[in-house]
Each structure stands twice: as C-alpha cells, then as structure tokens.
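Trainee: Chain by chain, the residues run as shown.
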Amino acid sequence: MGLTDEEAAEIERLLGRLPNHLELAMYAVMWSEHCSYKSSRAHLRRLPTEGDGVLVGPGENAGVIDAGGGIAVAIRIESHNHPSAVEPYQGAATGVGGILRDIFTMGARPVAVMDPLRFGPLSDARSRWIAAGVVSGISGYGNSVGVPTVGGETVFDPAYAGNPLVNVLACGVLPVERLVLGQASGVGNLAVLLGSATGRDGIGGVSVLASAGFTDDAEVEAAKRPNVQVGDPFEEKRLIEACLDLLDRRLATGIQDLGGAGLTCATSETASRGGVGMDVDVAAVPLREPGMDPWEIMTSESQERMLAIVTPHDLDAVLEVCDHWEVRATVVGRVTGSGRLRIVYGWDGPVLADVPAVTLHEDAPLYHRPMTRPADLDERRADDPSRLDPPADCGADLVAMLVDASWVYHQYDHQLFLNTVVAPGGDAALLRLTAPGVRPRSTRGSAGGHTGLAAGAESGWAAAGAGSGSTGTGAAEAMALSTDGNGRWCSLDPRHGTALLVAEAALNVACVGARPVALVNCLNFGNPEHPEVMWQLSEAIDGMAEACRALAIPVVGGNVSLYNESLGRDIDPTPVVGMLGLVDRLVVAPPGIAMTAGSRLLLVGASGGATLGGSLWAATCRDHRGGTLAPLDLDLHSRLLTLVADLVNAGQLDGIHDVGDGGVGVALGEMAVRSGVGFTVAGIADHDELFGEAPSRVVVSVAPGAAGAVVAATEAAGVACVDIGSAGGERLVVEGLVDVSVAEATESWRTALPRMLGVVEVPR
Amino acid sequence: MAPRVGVVVFPGSNCEHDVAAAVEGAGGEASLVWHADATLGAIDAVVLPGGFAHGDYLRPGAIARFSPVMTAVADFAADGGPVVGICNGFQILTEARLLPGALQKNRGLTFLCQPAELEVASAASVLTRDVEVGRRLRIPVNHFEGNYTCDPATLAELEGEGRVVLRYVDNPNGSMGDIAGICNQGGNVVGLMPHPERASDTLLGSTDGMVLLAALLGAASAVRT
Amino acid sequence: MRFSVLVEVQLRPGISDPQGATIERSLPTLGFSGVVGVRAGKAIRFEIEADSETAARSEVDELCRTFLTNPVIEDATVVMGPG
Amino acid sequence: MRFSVLVEVQLRPGISDPQGATIERSLPTLGFSGVVGVRAGKAIRFEIEADSETAARSEVDELCRTFLTNPVIEDATVVMGPG
Ligand SMILES: Nc1ncnc2c1ncn2[C@@H]1O[C@H](COP(=O)(O)OP(=O)(O)O)[C@@H](O)[C@H]1O
Ligand SMILES: [Mg+2]
Numbered sequence: 001m002g003l004t005d006e007e008a009a010e011i012e013r014l015l016g017r018l019p020n021h022l023e024l025a026m027y028a029v030m031w032s033e034h035c036s037y038k039s040s041r042a043h044l045r046r047l048p049t050e051g052d053g054v055l056v057g058p059g060e061n062a063g064v065i066d067a068g069g070g071i072a073v074a075i076r077i078e079s080h081n082h083p084s085a086v087e088p089y090q091g092a093a094t095g096v097g098g099i100l101r102d103i104f105t106m107g108a109r110p111v112a113v114m115d116p117l118r119f120g121p122l123s124d125a126r127s128r129w130i131a132a133g134v135v136s137g138i139s140g141y142g143n144s145v146g147v148p149t150v151g152g153e154t155v156f157d158p159a160y161a162g163n164p165l166v167n168v169l170a171c172g173v174l175p176v177e178r179l180v181l182g183q184a185s186g187v188g189n190l191a192v193l194l195g196s197a198t199g200r201d202g203i204g205g206v207s208v209l210a211s212a213g214f215t216d217d218a219e220v221e222a223a224k225r226p227n228v229q230v231g232d233p234f235e236e237k238r239l240i241e242a243c244l245d246l247l248d249r250r251l252a253t254g255i256q257d258l259g260g261a262g263l264t265c266a267t268s269e270t271a272s273r274g275g276v277g278m279d280v281d282v283a284a285v286p287l288r289e290p291g292m293d294p295w296e297i298m299t300s301e302s303q304e305r306m307l308a309i310v311t312p313h314d315l316d317a318v319l320e321v322c323d324h325w326e327v328r329a330t331v332v333g334r335v336t337g338s339g340r341l342r343i344v345y346g347w348d349g350p351v352l353a354d355v356p357a358v359t360l361h362e363d364a365p366l367y368h369r370p371m372t373r374p375a376d377l378d379e380r381r382a383d384d385p386s387r388l389d390p391p392a393d394c395g396a397d398l399v400a401m402l403v404d405a406s407w408v409y410h411q412y413d414h415q416l417f418l419n420t421v422v423a424p425g426g427d428a429a430l431l432r433l434t435a436p437g438v439r440p441r442s443t444r445g446s447a448g449g450h451t452g453l454a455a456g457a458e459s460g461w462a463a464a465g466a467g468s469g470s471t472g473t474g475a476a477e478a479m480a481l482s483t484d485g486n487g488r489w490c491s492l493d494p495r496h497g498t499a500l501l502v503a504e505a506a507l508n509v510a511c512v513g514a515r516p517v518a519l520v521n522c523l524n525f526g527n528p529e530h531p532e533v534m535w536q537l538s539e540a541i542d543g544m545a546e547a548c549r550a551l552a553i554p555v556v557g558g559n560v561s562l563y564n565e566s567l568g569r570d571i572d573p574t575p576v577v578g579m580l581g582l583v584d585r586l587v588v589a590p591p592g593i594a595m596t597a598g599s600r601l602l603l604v605g606a607s608g609g610a611t612l613g614g615s616l617w618a619a620t621c622r623d624h625r626g627g628t629l630a631p632l633d634l635d636l637h638s639r640l641l642t643l644v645a646d647l648v649n650a651g652q653l654d655g656i657h658d659v660g661d662g663g664v665g666v667a668l669g670e671m672a673v674r675s676g677v678g679f680t681v682a683g684i685a686d687h688d689e690l691f692g693e694a695p696s697r698v699v700v701s702v703a704p705g706a707a708g709a710v711v712a713a714t715e716a717a718g719v720a721c722v723d724i725g726s727a728g729g730e731r732l733v734v735e736g737l738v739d740v741s742v743a744e745a746t747e748s749w750r751t752a753l754p755r756m757l758g759v760v761e762v763p764r
Numbered sequence: 001m002a003p004r005v006g007v008v009v010f011p012g013s014n015c016e017h018d019v020a021a022a023v024e025g026a027g028g029e030a031s032l033v034w035h036a037d038a039t040l041g042a043i044d045a046v047v048l049p050g051g052f053a054h055g056d057y058l059r060p061g062a063i064a065r066f067s068p069v070m071t072a073v074a075d076f077a078a079d080g081g082p083v084v085g086i087c088n089g090f091q092i093l094t095e096a097r098l099l100p101g102a103l104q105k106n107r108g109l110t111f112l113c114q115p116a117e118l119e120v121a122s123a124a125s126v127l128t129r130d131v132e133v134g135r136r137l138r139i140p141v142n143h144f145e146g147n148y149t150c151d152p153a154t155l156a157e158l159e160g161e162g163r164v165v166l167r168y169v170d171n172p173n174g175s176m177g178d179i180a181g182i183c184n185q186g187g188n189v190v191g192l193m194p195h196p197e198r199a200s201d202t203l204l205g206s207t208d209g210m211v212l213l214a215a216l217l218g219a220a221s222a223v224r225t
Numbered sequence: 001m002r003f004s005v006l007v008e009v010q011l012r013p014g015i016s017d018p019q020g021a022t023i024e025r026s027l028p029t030l031g032f033s034g035v036v037g038v039r040a041g042k043a044i045r046f047e048i049e050a051d052s053e054t055a056a057r058s059e060v061d062e063l064c065r066t067f068l069t070n071p072v073i074e075d076a077t078v079v080m081g082p083g
Numbered sequence: 001m002r003f004s005v006l007v008e009v010q011l012r013p014g015i016s017d018p019q020g021a022t023i024e025r026s027l028p029t030l031g032f033s034g035v036v037g038v039r040a041g042k043a044i045r046f047e048i049e050a051d052s053e054t055a056a057r058s059e060v061d062e063l064c065r066t067f068l069t070n071p072v073i074e075d076a077t078v079v080m081g082p083g
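Residue numbers (this note's numbering), protein chains in the order written: chain A, 1 to 764; chain B, 1 to 225; chain C, 1 to 83; chain D, 1 to 83.
Just chain A, same shape as in the assembly:
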C-alpha cells in the first residue's frame, strides 16, 4: 500500500522536481487510502449531505447539527478494525481515543460513545480473546477518559473471524458559538502541539511506507517499528479539558487532532483548509525517544496529541491554561502566506521539505476502480431459506436467538453526566441534551479557573456558561443514538440491505421518542482492488443515499474502512450507520423494551413481505445465508416514524420494541425476558412468519383501556395495526409454535454471552 509508480510520477509533476525522502513519506501517508479516500471518494459524493439543521457536514472532523437554542451536537464514527485484530485491548482503546479527539476538536464536549462490534464465533479461542480484549479496551479507555458508552452492537459471525470490526461512534454537545474548525489562519500565528510526546509508534500506520522509493534500510527499520500503540486515557482527559478551556477563552483560532498521518496530516490539512502555508520545526517537537528522523516525527501516529492555532499575543495565556491542566504545549509551527508546508530543522536551520500544503490534502489521486456484480449473487439469492425444513421446536430456536449483551455494556460507564434516560439495552440510547459547560449548572469555585487569567470567571465551567449564553431555551431536550449494521443482508443485497439499515436505525430512535435528524456511517468493506468489493461499496452508498433522501436525513460524516479481509477472503460488506435523533420535549422516560401483564400486544406497521432471506434465524439456527430481502416502503416508513415517536411521547404505551433481527418472535421474546412477563400470541402461521424479517414494524404493549386510542392513531396515520395477543403469565406462548417458560428463556438469555466467552463467573 505504498505509493504506486503513477502516484510517484504525479508527485514529481506537482513539485516540478523529484521529491526527497521526507516529502515522499508525507505524500505516502496523506495519499493513503485511509487519509485520502482515493477509492471511495468518487462514490461518497452521491450521498445527500444537506439538511435544515446541518451546521457542518462531511469533510471536517465531525458533523455538527443544530439542536436549537444555541446548542449543537457533533457526531462522528470511525473504525479501528486492524489494530484491534492484533492487540484487541489497545486497538479498541485507541479507537475510542481517536474518535473523541474528532469531537472535541470541533469545540464539543464528548458526552457519548457507541461501539458497534463484530467478531468471529466465540467457539474459536482467538475470537474470544479478541472480543474480551476489545470490550475491556473500550471499557478501560472510555470509562477513564470520562465519556459514557451508551450503546452499540455485539455481533458474532464467521465473516469476521479473521478480521473483526471495531467501530466507534462519538457524540458531543457544544454551544454553537464554540464551534471551531480545523483551520489555520492569520499569517504569523503559531501552531502549538498539545499533549503527548512523539514516539516511534504507529509510524506508517495508515500506509506501509516501504514500497516506493525507500531504501532497503528504511524498509527493515519500518518493519521493526511497533504499529500498535498504547492509549493513555488520562492524557486524553486532560487534553479534553485543556482544549475546551482554550476554546471557551477564545484562545485558539483553529484546532485539529492528530490522528492518521500524525503531524503531516494536522499541519497540511489546517493550512490547506485555511488557504495558508505553514512552517514546521521538527526540532521543536517533544520526543519520547532519542534519535528520531524527521520523517518519523512527521508521520508518527503517537496518540493523545492536538494542534492548536493561536496568535502570538495569546501564546502566554495558552501556555498557562495548558500548564493548569498539566498538558504539555510546544510551539512547533508558524502560519505563513506561502501556501506551502515547509519542514525545517530549527527556525534558522535547513529546509527539509517544501511542498504545496493543498497537494497533500486535496490532490490525492481519485480512483474509479473497476466494479463487478459478484458472479454468485443470483445463486445465493435464489437459495431461499424458506425451503429449509421447519424447526422441530420454534421455542428452542427462539431461546437460542436471545442473547443479552449486558455482559458487554455493564463494563461501560453508561451513566456519567446524568444524561442517560435510556441506557444500553434499549432500542436506542436516549440522553438528556446537557453537558458540563453547555447548559451550565450553577457551580462556583476554583477548579478549572486560573488565577491571573483575564476571563474573570470563577471556574472554567461557569466561564463556559457565561461565555456561551446558551441557557438552553428552545433547544431540543434529548438526543437519541442508534447504530445498526447487518452483513448478512448486505452480502445478499448491499443496496437494499443498506437502505434497510437506515430504516432500522431511524425506527430505533423513534422507539425512544426521537425524530431522526442526521446520520453518520462507517463503511466496512473488503479489498477495493476486488471489483466485487467496489460494486458492493457503490451499491451500499446508493442504498444509503436513497433511504436518506426519502426520509430527509442528511449524512453528516463517515469513515471508510477497506481491506477488511483475511486469507484472501473479504468480509461481508458491512456498512454501519449511526443515527442521531432529537426529542424536543422530554417529559417522561420512554417505556422501553418491556411488556406489562394484562396489556394488549399490537403489531404496528408493514404487513406481509417478511422473509427468512439473510435472517438471524437462518444464520443462527441453520447456518444458512441465502435468499432475498423484504421490500421497504419508505413512504410508509416515514409515517411510521412519526407515529411511533408520537405514541411514545404521548405516554400511551407501556412497552415498545422495533422488529429487527429474528422478526416478531425475537422482538416478543426480548420484551418478555426484559420484563420477566410472559405472553400469549395467536395468529402466527409458521416459523417463516415468526422469525421472518421485514422493516417498518414495531410491537407495542398497551393497557387495554388505552388500546383504542393507539389503534385510532395508527388508523389516522394510515399504518396497519394487528392485535396479536396479550402479555402476562409465566410462559412465552405463540400458539402452535412456541411454549417456553419465562424463567428458562430469561436464564438462557442472561447467561448466553458469558457462557460462550467461557467467563467463569456470570456477573449479575
């Protein structure tokens, strides 16, 4: 994955001369797939990115959505698949660290993390090691850095055995006037490097530098260098506080995190976005190890670093704020008017590199890679699982599909900031839309304050509030988050499967009373040099675009992770969508995935069309992955979203769950085991209807007296509603198909994951 001959030639053309070794290293990392999106950019342009509330769309570190009342929400998702495969704990931990920097670099206080995770089956020891390590890495870093992890996914499938997927979404809250972009401006301004010292870690993490134009020596060296990094959540916590403090005091004109491609990326992107140049003194960069070469310094991916652009006048104040938070701060660059990124060794020392900044950032090649529809696709679609023998015991199959993910999320602090109204385990997380310093709590004191600083604030938090004027009037009161992916669906039909995911994520947030307002995506695909993979990617993007347009949900950011393959086998195409929803008025907590004895159970939404193609049942119970997917009526779906949110907010329901993986059967089963209440349901013909999957459906539990109003509301919305039975009793009963005790189902559900992981003690 180094530079190709054509790329090297293009660099020579751009420079009008041969690049030197350092310059080549800088282009190699910036033009890597990871940084430049050279294979996917052409397709990503087809996504709808505009909408009413979008303050910042794709292209910046995070998307930003207006939540009203002077408050905005920043959101971003990213993958850390490959590092997590080799060192699960640190790979996942540094994934959390990286995505958080994307959020606070926008001026937002990170308030939530979500972690969609995909591993191989736990029957394999390596997958167990990866799964346990990843979960403890997210727990270890996320809890310590002080950002709650409020939801995610935990999926096991052979498709991910050699290449797990560790995606991390983060979300932050900011007063709109604190919004800041990753831009350098003002000739003469200074670039200040904040945070950790730079070491030889992660060099070339985004690309292996070795291929083009490097000596054998360098190759040998590069191979020895550790590509895995150790995260330091304590450093990151201090960085968060220091950066937000700097922004509150208006001491930084621009700020940028250091992620992939390290200093090269941060300096060239800020300069390019601001239309300026920058001189960078590598000799000024604090190093963790002696003897580092300039190219190592410029491409190191050492964690927990930020770059702030400040005026010379403010420098002392900046250093004072950083000193207070015990964050190292060093001037490493100067903004110039030249448009060039120049690397020098000492301000009066030799110029080691001199290239137009914009060429690193924007002139990476754009590939229109060949695409081919997979040859076996029709065959796989024709192989419909409804032809399989019906299960001998639908009850046993149902129980086998009930897996409680709480072993995972009980390891995550999901309550910090007192915002979490619906915790992990629900259809979507629901958080009050507040954060320290954003809707200020009237605290006084010296913590965060610095004697001698001009702001005149008693505390950093009070300063944030006073400065922002964001009292929250008119702002949405809560936000909902859901992440959804489904490799089974997408491998059968990437376009339609992705549209279904958008629909599912939107319905998930509706189930906690929110209206979907923005989407981010993490496109996890195989090797883009395989034409089938490019076809899958292109199709998935079209499906996402189509659904987002129809539902009027803008795509505000994303991340593309390619080369997810092992032993020559690509993963199933696995786009993951992260949906943000807003709730204007939060009066009562939504009822959640529950049922109440005596209540009616109504199936609301699309009727007919459910299929076992690509279903959880076919995969889990029959190891079968063929068939076709159910249709999606986006117009109906749109009406259903409004209807569901209205019902939830009206407080008319005592339980609700969207029908997703595993169909109506699993939806009912989950409602039962979560509330310890049984049910009796009739009118479901067979396992096909019980476990078949189709979009646009929810099961609601409603007291008999309130059922009439709910039915009337569905009629008014033009949405079908069927009374399928009642909640109550000690058994899960689907007449003619299922009869299992609540106790048995609950015990199996609760212990399934720890059992598969081989955890000796099942924590309660």
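If you are wondering where the hints come from, they were derived from the structure by calculation, not from laboratory data.
This one's a predicted model, so the numbers in the text were calculated from it and none came from an experiment.
Please note: incorrect hints may appear among the correct ones.
Claimed, not checked - Which bits of chain A does chain D cover? Going by a derived footprint, with three or more residues having C-beta under 8 Å, they are:
id: 1; region: 70-84
id: 2; region: 231-244
Stated by the list, open to error - Only part of the chain D face toward chain B is listed, based on derived beta-carbon distances under 10 Å:
id: 3; residue: ALA21
id: 4; residue: THR22
id: 5; residue: THR29
id: 6; residue: LEU30
id: 7; residue: SER33
Claimed, not checked - So the derived label-pair ranges between C-beta atoms look like this:
id: 8; chain 1: D; residue 1: THR29; chain 2: B; residue 2: ALA42; range: 22 to 28 Å
id: 9; chain 1: B; residue 1: ASP79; chain 2: C; residue 2: PRO82; range: 16 to 22 Å
id: 10; chain 1: D; residue 1: GLY14; chain 2: C; residue 2: PRO82; range: 22 to 28 Å
id: 11; chain 1: C; residue 1: ASP75; chain 2: B; residue 2: THR71; range: 23 to 29 Å
id: 12; chain 1: B; residue 1: THR71; chain 2: A; residue 2: GLY291; range: 39 to 45 Å
id: 13; chain 1: C; residue 1: ARG65; chain 2: B; residue 2: ALA78; range: 21 to 27 Å
id: 14; chain 1: B; residue 1: ALA78; chain 2: C; residue 2: ASP75; range: 41 to 47 Å
id: 15; chain 1: C; residue 1: GLY31; chain 2: D; residue 2: THR54; range: 17 to 23 Å
id: 16; chain 1: A; residue 1: ASP348; chain 2: C; residue 2: SER58; range: 46 to 52 Å
id: 17; chain 1: C; residue 1: PRO82; chain 2: A; residue 2: SER566; range: 43 to 49 Å
id: 18; chain 1: C; residue 1: SER4; chain 2: B; residue 2: ARG138; range: 33 to 39 Å
Where a beta carbon is used, it is the ideal one built from N, C-alpha and C, also for glycine.
Please arrange chains B, C and D with the ligands on chain A, whose structure you already have, making use of the hints.
Mentor: For chains B, C and D with the ligands alone, coordinates are given in the frame of chain A:
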C-alpha cells in the same frame, strides 16, 4: 443559608459536575475545589467525587492522596467536618488512611456499571444520619476496584462499632461483609462505592441517592450551626 | 551513582488474588498443566541516582512503603543492580 | 520436579508506557528525586511441575508467548528457581 459543599476535582476526576448538580438539586450549594489548592475555602462539607484521578495509575487514589488539597481535607475531617468519598473518592480516602482497608479489583475481574440494591446498615454517619436502618436504596455502582478488603481485626472493629454504613443486598464485587460503604469512628468521614448522584432524578430511574445527599446536607448544616 | 531497580509488588499472603486465581483456572483449558499458586502482581522498573547503594536502597524502601504499595494489601520485593 | 517461576511482563521498548510515565512525573511532587525511566509492568509468580528444568522452561516460554503476553507489544522475562 444553604449548606455549602466543596467538590474536590483531581486531574482525571469526572463525576464532579454530576455531584454538584445533585447537591444543588438537594438544596445545597456546590463549589468545585481544585486539587492543587491548599485550602478548601468556606464550606460545610467535602465530597471527593468519582472518576479516575491521575488515571488510576499505579492504584486508584495512590497519586491523588498526595495532592495539596488532601492535607486540608484531613484537617477538615479532624475538626469533625463531613467528608464523603464516592467511588474513586472512597479509594482516595483509604489510600490517604482517612478510612481503613482497601478496595481491590472486583471478584469477576470486570468493570461493573449497574444498579445495586443497598441496605442502610447504620444511621451513625453523616451520609445516613436520620435514615432508617434496614432501608433499601437502589443506587448504581460504577467501578473496577470496589471489592472492599481489610484485615479481620479491622472488619471486626467496623462491624462492632457500627461503622458499616451501607451493604449490598446482592454483592456484585466480592466485598467483605457485603460492604458498600463505611465510616470513620466519628461518623463524619464516609466512603461508599455506589454513586448517589446517579440516583437523583426519576428520569434516571431512581431518586434514592437524594436520601443520602439530603442527610449529608443536614449534617453539614448541623456542623455549621 | 546510578542503580537499576525492580520492585515486585504482590498481594500479601492471605489477601485473595482473583486475577491470579482466574489465570490458574483458565490454564488447563489452554493445555497447560501442572501450574499452581499463581499470583498476579506488578513489576515496576526504574533507575535511581543516589550517593551510595545504601542511600539508594533506603530511598527505594521509602518509595515502596509510601507509594508503590498499599501496605494494607500489598508487599514489595526489591531487586537492585548497577544502573 | 517442581520449579518456582517469576514472569515479568513489560511493554516492549519503544512502546509508550503511560502508567510508568505518569508515575515518574508524579514522583518529584511526592518528594522523590532522581528516579527516571519508570516502566510499569506485571509480575506473575507460580509454581510448575515438570519432568526436567528444560521441560519446565519450554512450557513457561510457551505460556508467555501464547497467554501471558501479547508479543506484539509486550516482552516477558522469566526467572526460574527450585520449587
Ligand atoms: N457493544 C455494545 N456496547 C454497548 N451496548 C451494546 C453493545 N452491544 C449491544 N448493546 C446494546 O444492547 C442492545 C441490543 O442490541 P441489538 O440487539 O444490536 O439491538 P437492535 O437489534 O434492537 O438494534 C442495544 O441497546 C445496544 O445498544
Ligand atoms: Mg432495536
């Protein structure tokens, strides 16, 4: 005048704003106190909040206990001032020897964030003052090192002197004697692993934490008058 | 003079060591037999500058007592060599 | 035969050790001077039963490689003695 509660902030603390908000919700007045300050200012009670002071590196509380503010906290405690350590704050109090024992890794070797059913075991502390012994409270825990450990003599002393303040009904972490919270001999220094501030609003699922915070404010007022 | 120091911190005898116990329990299933009495502690290495070995030793002991261990539950073993 | 084993696990040179660095940074404020290069790792002690010292040693090495460390970021040092 409302009782004034100082909430100490160490680098890496993260529950300070939550505690301050809950204290204010209970009718107190909260202020944040930076760990490097050598004085506490005009306050009637101190809370060491949860989080990861100094990243919990080496051991939770091992570095934090050397912060300048801890001398002031110790003096305040010695004068009978109410001091409460929540979670990481409890760990810091044990490292500072303001409370006996230590908090070890959870028996199951995982971090645990979940609701816990607690029973009030003693009303002789600033946090449980006037709370009925035996009362059940549902308050979340959120820790990796919450497994209370001490030598048998200390345990006997704690039990004998009624200094076990809160117990788990269903022990989540292997704590000796199901201990969730203890106090010093004076009852004015209390450490507990559960987070009362996280049970401070019906929207969060429980308001039981307010029972404890209200007791603390009561004790704080009593100290002042 | 400079000395290189290894401080090994282990839970004191009598204090339960869930981490050691978990390692021990999982070994047989991984195909390792005959391993018993597993204790999982910390190994802290550093270099120290001092006027003499005695001075270094006494500073390290003090460091262990006040900081590197929690004497309520932990013991330290010190190994010192030339730096 | 029975052997007593100490496995010291440290992050490999070049890999940053935030815990060690934080400990080191805090030492001067705790009144300890002259301590540098702090690395914080694990110390795992156990006893092993094997037919010979060579057999014990090779089982321990295997244990380190596959279970006690992740060789991508960690190194193990083994000290063995009579049990
Ligand atoms: N890795 C994880 N981290 C946090 N929460 C998780 C994780 N995995 C699953 N969950 C939570 O468990 C619940 C069930 O997940 P899932 O079955 O994927 O939801 P659904 O299919 O209804 O969208 C969700 O609330 C989800 O947020
Ligand atoms: Mg759902």
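Trainee: Hints first: check each against the structure and report whether it holds.
Mentor: Cross-check of the supplied hints:
| no. | hint | result |
| --- | --- | --- |
| 1 | 70-84 | violated (count 0) |
| 2 | 231-244 | holds (count 4) |
| 3 | ALA21 | holds, 9 Å |
| 4 | THR22 | holds, 4 Å |
| 5 | THR29 | holds, 7 Å |
| 6 | LEU30 | holds, 5 Å |
| 7 | SER33 | violated, 15 Å |
| 8 | D:THR29 with B:ALA42: 22 to 28 Å | holds, 27 Å |
| 9 | B:ASP79 with C:PRO82: 16 to 22 Å | violated, 50 Å |
| 10 | D:GLY14 with C:PRO82: 22 to 28 Å | holds, 24 Å |
| 11 | C:ASP75 with B:THR71: 23 to 29 Å | holds, 28 Å |
| 12 | B:THR71 with A:GLY291: 39 to 45 Å | holds, 43 Å |
| 13 | C:ARG65 with B:ALA78: 21 to 27 Å | holds, 23 Å |
| 14 | B:ALA78 with C:ASP75: 41 to 47 Å | violated, 30 Å |
| 15 | C:GLY31 with D:THR54: 17 to 23 Å | holds, 18 Å |
| 16 | A:ASP348 with C:SER58: 46 to 52 Å | holds, 48 Å |
| 17 | C:PRO82 with A:SER566: 43 to 49 Å | holds, 47 Å |
| 18 | C:SER4 with B:ARG138: 33 to 39 Å | violated, 52 Å |
Violated hints, in rising order: 1, 7, 9, 14, 18; the structure is consistent with all others.
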